Amino acid sequence: MNRNLKLSLVLGVVVLMAMPSVAQKTPSSMVAAYDSLATIILSVPQAEEDLVRAMLDGHYRGAKALMKQGRYDEAAAEMALFANEGDNAIAGIRKRLVEGGHHHNAAGEEQGIYEEGYVLVTREAKKEMLASSTAMRQAKDDVAREAAWKEFAAFAEETLAE
Amino acid sequence: MQRLIVWVAVTIPTIASGSSPPYFVDIAAEAGVVAPTWCGRDDKPHILESNGTGLGLVDYDADGDLDLYLVNGWRLDGAEIAERGRDVLYRNEGQGRFLDVTEKSGLGSDAWGSGLATGDANGDGLIDLFVTNFGTDVLYLNRGDGTFEEHPDSPNLEGWSAGAVFFDSDGDGDEDLYVGGYIECTLEEVLTEKPSLVWEGLDVMLGPFGLEGLGNKYFRNEGGGRFEEATEEAGLEDVGLFYTFGILAADLDGDLDLDIYAANDSNPNYLYSNDGGVFQEVGLWSGAALDEGGAAQAGMGLAAGDVESDGLVDLLVTNFQQDMSTLYRNLGDMIFEDVTRSVQLGGPTFSMLSWGTTLSDLDQDGDLDIFVANGHIYPQADLVADKVGGGFRQANLLLVDQGGTLIDVSSDAGPGLAVKEVSHGLAVGDIDFDGDLDLAISNVDEPPTLLRNDTRQPGSYLLVDAPLALRVEAVHGDDRWIRHRVIGGSFLSVNDPRFHFGFGEKRRLESLTLIWPDGFRRRLLDVPVSHALKIER
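From first to last, the protein sequence lines stand for chains E and D.
Using the working numbering, you'd call the opening residue of the first sequence number 1 and step up by one each time.
Using the working numbering, you'd call the opening residue of the second sequence number 1 and step up by one each time.
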């Protein structure tokens, strides 16, 4: 039995047990329970956003540290992970959510702003940050590397700040 | 251990003064390779019917030539099973003839077959066969007398399994097994499916989107042919339950162990970096999971090879129609860059739906060429062929490397390249002892194509049989050629395991160096070319 079904059954039993035989005002305990549940439901998208932001922040800091160490190819890889909003494990979770009908930015997806299931990184930011990652890999000197990093960092900070 | 070098001069042809474009002739019918490989109904309402089957060039009887194993599916008629196609084993009889020895060998499974992997599962020195199926996978143990027996407790994915590779993941001397899963579905669903997806205004099969992926599994060889599933322990989890097709094992970071690369249909590809038998999935981090635009492609088949002879294994992935096959250049340290556009691979591959592939020196001029097996998944593609660039049956593709740019020479490469089928599996090897590479191709609902390489003036060559060696480096003056051990790849198929080199006009090599996983090196000096060479440690 899946978790949603279990939860629905439990809530159903609670409602039936608490329901008086004659229709009247909803008992306050039931209102309070539903209110608490509403708070939880409404906080889920924010929690998802916070989690993805923390993950992206990790990739940004990782890329920064690798830049300082002169490990430019690896920094470029971290930049690509930021652009792709995580690695394959995260992509797998995103796929499961989308297939389950959850789209964090449903309206944004319809308008072509976000790719399916993406939470923070817009299509445009993804494209630009991937281009920066490629530029970083291809950079022949510090000037080119600095330009690629600046371009990426601008989009990354904008994404993290939203 | 006694170190023994055996030089075997198999053929000593006249060394060519150069090399000419590859030329292929289909000899399947005259060779006796006539068994069709089935895949469902004509109109392909279920995605299983789009899979096709793999094949392998395998010297199962250790007589020195390559035999041919065909994996077979089922033929359906409406909701009925019309024929359970049986796998077929053809023994290479020489003189361009193959003999069906399926019955005699104890093989001939009538499961709905998918792909093939070969390896020595029980450490007896004989080549065993692992057949992935829609259903139960089967490991056939080689008895050494030309016959096989089913392993009583075969590793098994149960469901629609696809690519698989035997490889020594942990350096303990035995061969472990990694098996890819495509999607979860039942036979009842297959039999009752109706087209439910609209593509180009036509009703076609559904999937893979909206269907649940079947998880890949890793089976650790505990010795003596006993396998234990250890997917999580080894770090080889299918983290996204992606739709895996082709799988290969190769040393992608040069640390002398075998890493795993998996082509995922419509999802990012996996790259598992091996560190002493424990793997980490680094696909997206590495740059080899998506195309240069950050998009997941419909990964079908795979090839690997050292395109620039820089010591690093590059990766090739075939994809869906109206998308390009993708070449990832290895920059070292597990970092890859999509160079599809710069080598001009995009144009020739864009209009085809591509499957099995190889990076091999087919004209023996010293660099790696690309062959791609093509065919659509929707028979309905014939109705919009002009619009989408190709119908259900498609010609295969041959690209030769000319100074770092890929040139499409398909139309000049002989009648073998004019064959139009729904080609999926591709196995590469020298079937006729002339030193060049021939191609075996499986076709959906038709017999295979067997392309004999009749290149008129091939360059000189070397075929190196060095079991378990990871890398072979040939040097002549400033020129260097490197070939790497690549296990699996293509599409659900098995290639000749020998290292094949082409050298153009070179007649001798200054040196040939072989490297094994423990770092052991063997160096041969002043090596004549155009020979088959067996080197045992």
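Simulated from the structure, these hints should not be mistaken for laboratory data.
There's no promise every hint is true.
With the Cβ distance kept under 8 Å, some of the chain D side facing chain E (calculated, not the full set) [what the hints assert, rightly or not]:
{"#": "1", "residue": "199"}
{"#": "2", "residue": "281"}
{"#": "3", "residue": "294"}
Only a predicted model underlies this, so the values are computations on that prediction, with no experimental measurement involved.
Just so you know, even glycine gets a beta-carbon here, dropped at the ideal spot from N, CA and C.
Hint check:
Given hint, residue 199 of chain D at the interface with chain E, is violated; its Cβ is 19 Å from that chain's nearest Cβ, farther than 8 Å. Proximity of residue 281 of chain D to chain E holds as hinted, the smallest CB-CB distance being about 5 Å (cut-off 8 Å). Taking 8 Å as the C-beta cut-off, the interface hint given for residue 294 of chain D holds, the closest approach to chain E being about 5 Å.
Checked against the numbered hints given earlier, this structure breaks only hint 1.
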